[in-house]
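A.B. asks: Here is how the chains run, residue by residue.
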Amino acid sequence: MIKTAQQPIPHQNELQWRNNALLRAFDFLRPYRKISVATYVAAMIINLLSVVIPQFIRWIVDAGITDRRTDILAWGIAGLLGLTVVRSVLGFLLGHWSEKASQYVSYDLRNAIYKKLAMLSFSYHDYAETGQILSRSLTDVERIRFLTGRAVLRLFQAATLLLATFVALVLMNAELAVLAMLTMPVLGYVAYRFGSIYRPLSLDIQQQEAVLTTVLEQNLRGARIVKAFARENSEIQRFEAENEAWFTLSERAVRVSANNMPLINFIASISTVLIIWYGGMQVINNALTLGELVAFTTYLGQLVGPIRRFGVIIPAIAMASASGERIFEILDAESEVEESPDATDLPAIEGYVRFENVNFTYFGRRQILDDISFEAKPGQVLALLGMTGSGKSTIINLIPRFYDPTSGRIAIDSIDIRDVTLKSLREQIGIVLQETTLFAATIRENIAFGVPEATDEQIIAAAKSAQAHDFITGMADGYDTDVGERGVTLSGGQKQRIAIARALLKNPRILLLDDATSSVDTETEQLIQLALQNLMRGRTSFVVAQRLSTVRMADHIIVLDKGHIAVQGTHRDLLNNSGLYAEIYHRQLR
Amino acid sequence: MGFSIGSASAEMGPRQSLESYSDKVDGQVFNVGIVVRLLAYVRPYWCRMLLALIAMLATTGLTLLVPYLVKIAIDEAIVEADQSRLNLLAVFMLLASLGIYVTSALQDYLLSWVGQRVLADLRADLFTHLQRLSLGYHDKHIVGVTISRVISDVSVINQLLSQGLVTLLGDTLLLGSIVVVMLSLNAQLALITFSIIPVMFLATAVYARRAKVAFRRTRERVAALVGNLAEDLSGIRVIQAFAQERVSQEHFEEVNRANRDVNIDAVTLSFVFLPTVEFLGMLATAIVLWFGGRAATDGDITLGVVVAFLAYVTRFFQPVQELSQLYATMQTAMAGGERVLQLLKTEPEVLDSEDALEMSAIEGRIELRDVGFEYMASLPVLHNVNLEIGAGDTVALVGPTGAGKSTIANLVTRFYDVTSGAVLIDDIDVRTVTQRSLRRQMGLVSQDPFLFAGTIADNIRFGKPDASPEEIEAAARVANVDNFVEMLPDRYDTRILEDGANLSVGQRQLISIARAVLADPRILIMDEATSSVDVVTETLIQEALERLLEDRTAIVIAHRLSTIINADQICVIHNGEIVEKGRHDELLALGGLYETLYERQFVGEPS
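Heads up: the protein sequence lines correspond to chains C and G, in order. Heads up: the first sequence at position 499 corresponds to 499 in the working numbering, and the numbers run straight through without jumps. Heads up: the second sequence at position 75 corresponds to 75 in the working numbering, and the numbers run straight through without jumps.
What the hints contain is simulated information worked out from the structure, not anything from laboratory work. Just so we're clear, the structure is a prediction, and the values are computed from it rather than from any experiment. The beta-carbon is built from N, C-alpha and C at its ideal position, and this holds for glycine as well. A couple of the hints might just be wrong.
Residues of chain G placed beyond 12 Å of chain C at every Cβ, according to the derived structure [what the hints assert, rightly or not]: (1) Arg37; (2) Val156; (3) Leu357; (4) Glu363; (5) Glu367; (6) His383; (7) Gly390; (8) Glu538.
If you want a taste of the chain C side facing chain G, the calculated C-beta under 10 Å gives, among others [unchecked claim]: (9) Asn359; (10) Ala454; (11) Gln458; (12) Ala461; (13) Val520.
Pulled out of the complex, with its shape left as it was, chain C reads as follows (with noise of 0.2 Å):
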């Protein structure tokens, strides 16, 4: 349980993405580049004023205070005030520009997952973990938006103020200056060499808080049978071993980051002391004013902020790249079910379904069906039998394409499905899967899930057919009950009944059953049978159910075996001919 399922669906090019992930994710900026390179011409212009700006605090200081001329030094300080309106403002434009930009770049990756899931097959989310998917549209998302917003625009800012301040510094005292930018590449490669720690250190941390969370979910999810079996202590016991690795994790990183984060502060601070001394030496042998060094001083002042920040913005770009990636793995993964280029929409059906030779492997390693082929006439009603295990789901859930066959062909009315547009096929579909998913909105809402625009009296009556309308109506909230938390908890029985009605309300021309009625109790399934029975007059039905009461109406039954049809015929056929039938009949009426 402390494992998370492997990912078993191989990415080929993943190297390929891999170097693209950072390129990639800036692609998404494109088409914000008119406010993007705005934002980074406002950085330039900041730049400059920080640079001039000192230049003016050291004419000041030696034509103001020095020479004492009291006029220049009111002059200088309203320019100094002007200069600082101008970038104060254009420092408001950028981070409100840069902050658009980034968030329309979060938006747009978001929406483009969203897409992507809704547009991935069964077999995708079978395999998706959705901790996994949660966390890549979140976090990874805003680890991107970091990146194309403020990180990127800070180590500009920041390499372009150490650009300028070094010119400012070499067109002053070229000698002062060298001497100032001695450190810098001591700076750099510690920098350089805390990211290259820090990165695979919290992408574990990452890892491990995943894991952390997916033993409490399990955990949670599992509270009934944790409790029934009486493992709470060795469930804590767990949770305690992760939670420590956590932490052996979490300290490391702290110690690491407590002792990088000082080091590039000191490393900052010997430039300046180094400055003060031989630049007073200067001072003391008349080669350097007195302004000249208060001015060097604060240039380098104003270095410490934008180095401070290397430090934090370089494991952040290298975490972005690793989010970049696990982002670009949904937005790259391929459907195993694609629409064809030239599908059409599938007309007005009949209900004509023809299965040809249909063979299914689940992800090349378990056959689930053999050679199935077999025909439904429109208006009948279509009973598939079998164990557990048998195939029967699948066959249902080719019907829709929710998944492909690997071999043989499945014809609607004589159209390959796989020649029309998936819409146009599940619109005229109606499906009850194995398991009820309801969403958290009222019964109404889920119950014209299918049809949105669908009126009071239509979703009535579909409820009554599926003989939900009675519980409903028994509710303090009638249809306007919430289902879910705040709301009411429906029994098993209720939900599949409301999901029943959720599929009668479409009114599809062909209708998939997948045990829709197991936990219904016997005599409300009778009264959704005797429904249904005239809901199925003139529609196709495919019924998977484990009750013979409700097999026995079908007008042909497929008795599957291992994945293969053993036998099919009427019922009175198949009790007199099929061994397997008979037996499963006598079994239940014994």
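Using the hints provided, position chain G relative to the given structure of chain C.
C.D. replies: Frame of chain C; chain G shown alone:
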């Protein structure tokens, strides 16, 4: 399916309205009560905290010392042309910088260490507490919400406790010291410079008020975003089956857009504030230059004082900026702290009594005596239920959905306590023994065949971790798991995907039966254990179970009457009461509800 982060939650799953996701915190930024309770987690590490505090004081002192040394260097060494003094001062400055390196490294390390330690402790406490909480809590709370308490809320608290409090303390201290140093350098100039402070306070107050609203809004929106995504992921198959991708996408884009816009608003707000602080800082610099400059011109103060003032003014505004940034963290930490404490305060509904005994080896007699039960006040689920089950008997509970069958199972396992009456096992009231000793002797196959992530073998041995492979396979044979496991390439080592996506529902039910079988319980409860299993397999399981259950007590809940026909006793439950009781043929002869149910299922229509 149904991933629980958003499977059914109003808090997490915003389908219809975006407005109802507020934090429900009364908006206090600094709640002393919460901080004090959380500080209890820091107490075990007070030595380190004290050391960190000392390191911080040293850092602050040294940080303040450097500009002062610069002042002396200018005034007393450079202006006086004293080379040796300059050398000495340079060495001092270097030493001070080295000192800052050491003390700040120490401070960073200690604070982060305590922070991470507290985080780990809090998480462990929460997890342990969650294990103690009874099923009533777990039934009512969405998993995703609880996860966010244990994972995210706790880490914001950590930020507040370790970094936040110390930053608050350190920055306030730094501010105070700078004020003192500036006053002592030149009181007049200092006071003139401080005239900026009221403006600063005003700006901060205006910002703080608006930022509170703006940042709270971003949290609401991101919660809505998470909820929407989690919900749609859990329902993705339904969305595709009903071809509703476009509608869902549009809805997601709407939530996504709202999140984007409030974030831009909030950050824009701080980009108004930060340049304002910057400008005010420069204004202070201008004041120093103007008044200090003129004073220096007049010879009232030295140039060194002006330069030192310039340095102090710059340092003055940095903590102000940091403090206002901290404000946003504090917001979220307080809200998070409140929620975490709330969870820790939640008392389990089912508690071991103080003098609870260990349940000795169970023989298996079960008695429900005048049992009444309600999940929510005044909504009775069971009333006046009396039932006696002999040791080794199999009892079947039948009746319509919602009649109260699962509730009886929940009471026998003591997942819930009875509202009135008593549940007795071997004539011992279940409330007088420890839950652990009671449940260790029971096995449950529940309605929802939940399997943990892991292999099939891991899941079967869940109740008996030290089971040998042979024992696992024996249990698997009883539950007919071996039939399909043999067809899997990795057999018992096959990994089960999230939500058991690679197994059919029936197969999952079989595994959960094997799990209960291996646990070797004295009392076995099967709640619709085979509803998705085919008839042939089911009868095979029944035959195997019959041998197994020969001397054990079993409670079986089923809709399929073939499952229950051979039970020693059948109870028909209707609207929370036992309406009929007896063996199959006795009940048929009675001609009541049972007979109706039976007729419907088997003889309903001519074959």
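A.B. asks: Which constraints among the numbered hints does this structure fail? Numbers only, ascending.
C.D. replies: The structure breaks hints 8, 9, 10, 11 and 12; every other hint is satisfied.
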